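Note that the protein sequences, when read in sequence, are chains A and B. In terms of my numbering, the first sequence is residues 7 to 119. In terms of my numbering, the second sequence is residues -3 to 103.
Hint data in this document are derived by calculation from the structure and do not stem from the laboratory. Warning: the hint list may mix true and false statements.
What the hints assert, rightly or not - Listed below are several chain B residues computed to face chain A (Cβ distance under 8 Å; list not exhaustive):
id, residue
1, Q29
2, P35
3, Q38
4, N41
5, L42
6, S56
7, V60
8, A61
9, Y65
10, N89
11, D90
12, A95
Claimed, not checked - Here are the computed distance ranges between Cβ atoms for each label pair:
id, chain 1, residue 1, chain 2, residue 2, range
13, A, R70, B, K102, 18 to 28 Å
14, A, G46, B, T76, 36 to 46 Å
15, B, I8, A, P102, 15 to 25 Å
Claimed, not checked - Listing some non-contacts, in silico: residues in chain A with all C-beta distances to chain B over 12 Å:
id, residue
16, K17
17, Y24
18, Y39
19, P49
20, S64
21, T82
22, L97
23, L119
Owing to the predicted nature of the structure, the values given are computational and were not obtained by experimental measurement. We put the CB at the ideal spot given by N, CA and C, even for glycine.
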Amino acid sequence: GAGVSQTPSNKVTEKGKYVELRCDPISGHTALYWYRQSLGQGPEFLIYFQGTGAADDSGLPNDRFFAVRPEGSVSTLKIQRTERGDSAVYLCASSPGANNEQFFGPGTRLTVL
Amino acid sequence: GIQVEQSPPDLILQEGANSTLRCNFSDSVNNLQWFHQNPWGQLINLFYIPSGTKQNGRLSATTVATERYSSLYISSSQTTDSGVYFCAVVDNNDMRFGAGTRLTVKP
């Protein structure tokens, strides 16, 4: 497939556990974004990568959240010591460059019990 | 940061009707996109439209950047058009979404 893919599609975990969410962007897209969508709301920006570096992480809610993109392609969003309030759909998007059209993956639905 | 307001929040139509969804934003933007989120949660790109007018089948969009608004026009609506429509603008690096318009098209 040529689109953005995300794994897993669903993740159920217990409060306090660590989780990793993966995003495979469209091949050749240099920009990658993570968003979080809570029920009944629009997605909210978390972090933006240009290549391997996090160009803007101003949307990360606290230091329990961290993301990496070591080779400039696949990205992993990491959440430590999960809390029930972290439950949401985590969306990844990629674009050919900054300020270009963004294309979204299907999301990972995270449930923290 | 930029505020994005969408109206109406909810819209119910009979199949075949036309509708206009509105998006207002509080400052100048680098780009603007319209999305349709289907019942399975997938965000589907409708238009990338920082300015001007575009058409794609029964859908068209217009952005007037100087007046800080964009409109999405749906003609001859079908039940498959149901879902949430989001307007999103880029403010520096991050994309900011409106709260969406939930459209229900009844057969």
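Hint check:
1. Q29: 6 Å, holds
2. P35: 13 Å, violated
3. Q38: At about 5 Å, which falls below the 8 Å cut-off, the nearest Cβ of chain A leaves the hint on B/Q38 intact, so it holds.
4. N41: Since chain A brings a Cβ to about 6 Å from B/N41, closer than 8 Å, the hint holds.
5. L42: 11 Å, violated
6. S56: 17 Å, violated
7. V60: At 19 Å from the nearest chain A Cβ, B/V60 fails the 8 Å test, so the hint is violated.
8. A61: B/A61 check fails; min Cβ-Cβ to chain A is 14 Å, beyond 8 Å.
9. Y65: The hint is violated - B/Y65 has no Cβ within 8 Å of chain A, the shortest such distance being about 17 Å.
10. N89: 4 Å, holds
11. D90: 4 Å, holds
12. A95: 6 Å, holds
13. A/R70 / B/K102: 18 to 28 Å: 44 Å, violated
14. A/G46 / B/T76: 36 to 46 Å: 22 Å, violated
15. B/I8 / A/P102: 15 to 25 Å: With a Cβ separation near 38 Å, B/I8 and A/P102 fall outside 15 to 25 Å, so the hint is violated.
16. K17: Fine: 14 Å to the nearest Cβ keeps A/K17 off the interface.
17. Y24: For A/Y24, whose nearest Cβ neighbour in chain B is about 24 Å away, the distance exceeds 12 Å, so it holds.
18. Y39: 7 Å, violated
19. P49: At roughly 5 Å from the nearest Cβ of chain B, A/P49 sits no farther out than 12 Å, so the non-interface label is violated.
20. S64: 7 Å, violated
21. T82: Nearest chain B Cβ is 19 Å from A/T82, so the label holds.
22. L97: 7 Å, violated
23. L119: 20 Å, holds
Hints 2, 5, 6, 7, 8, 9, 13, 14, 15, 18, 19, 20 and 22 from the earlier list are contradicted by this structure; the remaining hints agree with it.
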